[in-house]
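Kindly generate the complete structure, drawing on both the sequences and the hints.
Protein chains: 2
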Amino acid sequence: MNYRSKKKVTISDVAKKAGVSITTVSFVYNRPEQVGNKTIERVKEAAEELGYSPNLYAKALLSGRSNTIGVLVPQGLYSIYSNPFYTELFRGVGQICDERNYGLNIISPVEGSLENAINRALVDGFIVVGINESHKEVAPLIKRDIPVIFIDGDVENNYYVGSDDEEGAYLAAKYFCEKGIEDIAIFTFQTPDTYKDSGYYGVGGKRMRGFKRALDEFGMLWDQVIKLPTHASIQAGYKQFEKLVQERRVPRAILCVSDVMAIGVLQAASDFALEAPYDFEVIGFDDITTAKYVYPSLSTVHQPIVEKGQISAKVLFSMLNKEEVEFDQKTLLPTSLIHRGSTRQ
Amino acid sequence: MNYRSKKKVTISDVAKKAGVSITTVSFVYNRPEQVGNKTIERVKEAAEELGYSPNLYAKALLSGRSNTIGVLVPQGLYSIYSNPFYTELFRGVGQICDERNYGLNIISPVEGSLENAINRALVDGFIVVGINESHKEVAPLIKRDIPVIFIDGDVENNYYVGSDDEEGAYLAAKYFCEKGIEDIAIFTFQTPDTYKDSGYYGVGGKRMRGFKRALDEFGMLWDQVIKLPTHASIQAGYKQFEKLVQERRVPRAILCVSDVMAIGVLQAASDFALEAPYDFEVIGFDDITTAKYVYPSLSTVHQPIVEKGQISAKVLFSMLNKEEVEFDQKTLLPTSLIHRGSTRQ
DNA sequence: TGCTTTTACTAAACCGTTTTAGTAAAAGCA
DNA sequence: TGCTTTTACTAAAACGGTTTAGTAAAAGCA
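Line by line, the protein sequences are chains F and Z. Number 1350 marks the last residue of the first sequence (my numbering); no jumps. Number 1350 marks the last residue of the second sequence (my numbering); no jumps.
Careful, some of the hints might be misleading.
Pairs involving identical chains hold if they fit within one copy or between any two copies, as the list cannot separate such chains.
Said to hold, decoys possible - List of simulated lysine to aspartate or glutamate pairs, EDC-like, C-alpha gap at most 20 Å: (1) Lys-1217 <-> Glu-1312; (2) Lys-1297 <-> Glu-1280; (3) Lys-1248 <-> Asp-1276; (4) Lys-1013 <-> Asp-1129.
Read the hints as simulated data drawn from the structure, not as lab findings.
As structure tokens, then:
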């Protein structure tokens, strides 16, 4: 089949057909009290017959608003929608958008470039996730003079909402240290080159610093810990653990910088007849919804993802409406270690 | 703190500052080969100093395109982003958007009205999920003369992509019937009044008809089967099963019209020291990713959700580009029964 | 009746771009 | 040198609406 659209019918087509000015047509929709009843009737009839519907871009040009906010994410939509962390974040942002009758647009790189994406996004403001404010790709944001708030990046000069990643990671690592476990592997983020500055980047960096602080405290050698860069997905976690099994170096304890990796680990373990917390222990990070339901249920560092989304949306809306913002410029949410089935108390 | 934006700088501000016409400024960005080098230099400098960034609505008005497609969903964003079915659907749609460098906007009701939402959405085309084409709320879509494709609704006159819900449900119910189980409960969708026509609506209706066909075939009385309308969420499934336990009428078999409900059932069962498939058996519907990872792993009717998203996006893009569409007007994807831990072979 | 107010409508300006059609100056060419 | 072509730029017309300022006719009023 072949789709063809008829050509657009504009306000002046309706005006012509109804025998009135375009002003009158506009008034029929926007200030009907200024128009006589029979005229309203006639205009609406003409509009109906022609199949008129006002052009939204023209309206947006006049008002300067789209009534939509954007969440800027550093990966493609397929990745993003495969990662429960983002889904839960969107849940929080979306809830506030529901309340305010705003639209929500997830903005991901266009041809690999966030700058392109920003330069095309028809939104009134941005929530930027996982990117440092200093990153050159987000420079056009400042230029566009549009309200922006950052989540999970290194941020100095803008609004920011994040979790206490360093502390959460510290608690997780400390738990193993206190048990005297020395044979630890860390599944770290595999930072895409584009967004990598130096050393450990963003939340991944903060979590690593938390792990290190605990190990340092207990006199363990940071350099001797196995660090395995792993994509944030179940599959990648599975693969990484599979490799450890095949190389016969499954450690006593695993710290994952993300729950999905940890779930992959549990899955792989089960396929190789290993079982947490008996053959090894594992702690994830994020406390996504699924963490409770997997088997064994996943011990993890909880961070309030949904709330993070809610708060950032609220702040953004305050900026949009030029209201006082009811939050500090930097909001740091608490993290906590949650013991479930994948660790042995 | 208080956010203030400076006033917008336009192309004519830049033109004035650089001492050229606005045409020249426009050319600098869109057809630089038409402009002398020193002029380009001068214009860019002026633009930089003023912090110029072109107005996207004006551009969109000219081009008539936003390079974004919309997925129209029947619930608020909080609900949608709590439901893995949608997330996986968006994954499929998003993948194609990634490839084509298109944006993806999830459009949910504005003040409870999808019509409002449609009338504000700055998108080039719509994928409509779970709503019948005859529903009055989607009428403005046809009016806006914009490409549309439907997923999971009752559709006659438009492009449509769906799964063979009736057959999948039939297989699930038949499985229990063949085992001679008569004590069956069905967890059905709780259709919001707004979108309810008559009888069982949309995919929920198709699935119910599939269940019924199997029961009929085995001479079981449809009216004697317990039917429990349940919201599509883990919590609601949990609550519903909890009630069954408390009323001491846990059935031998449960058919759920959605995986999330079934996962709630498993969770509640575990909390009441019941365990599938020993104390009862349960089959879900959808085969969301999590179904594999819960305990016991969930037997379910598989439908290719991601593929559904991919196909509908592909069809929509063909319509947008006025290409031949490589799919039939109606695409019906196969479903199949997957046995995992929550049933006993 | 004549004056004021209200009602119903409209012309024109504007929003911020892109694009078309055109021009003057510079360059190319015999 | 005189003619044609190219280069570098611009004025003005779109795009499709909303809004302001204004007008003519109808209604209100003494």
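Exercise for review: Could you check the structure against the hints above and give me the numbers of any it violates, in ascending order?
Suggested key: 1
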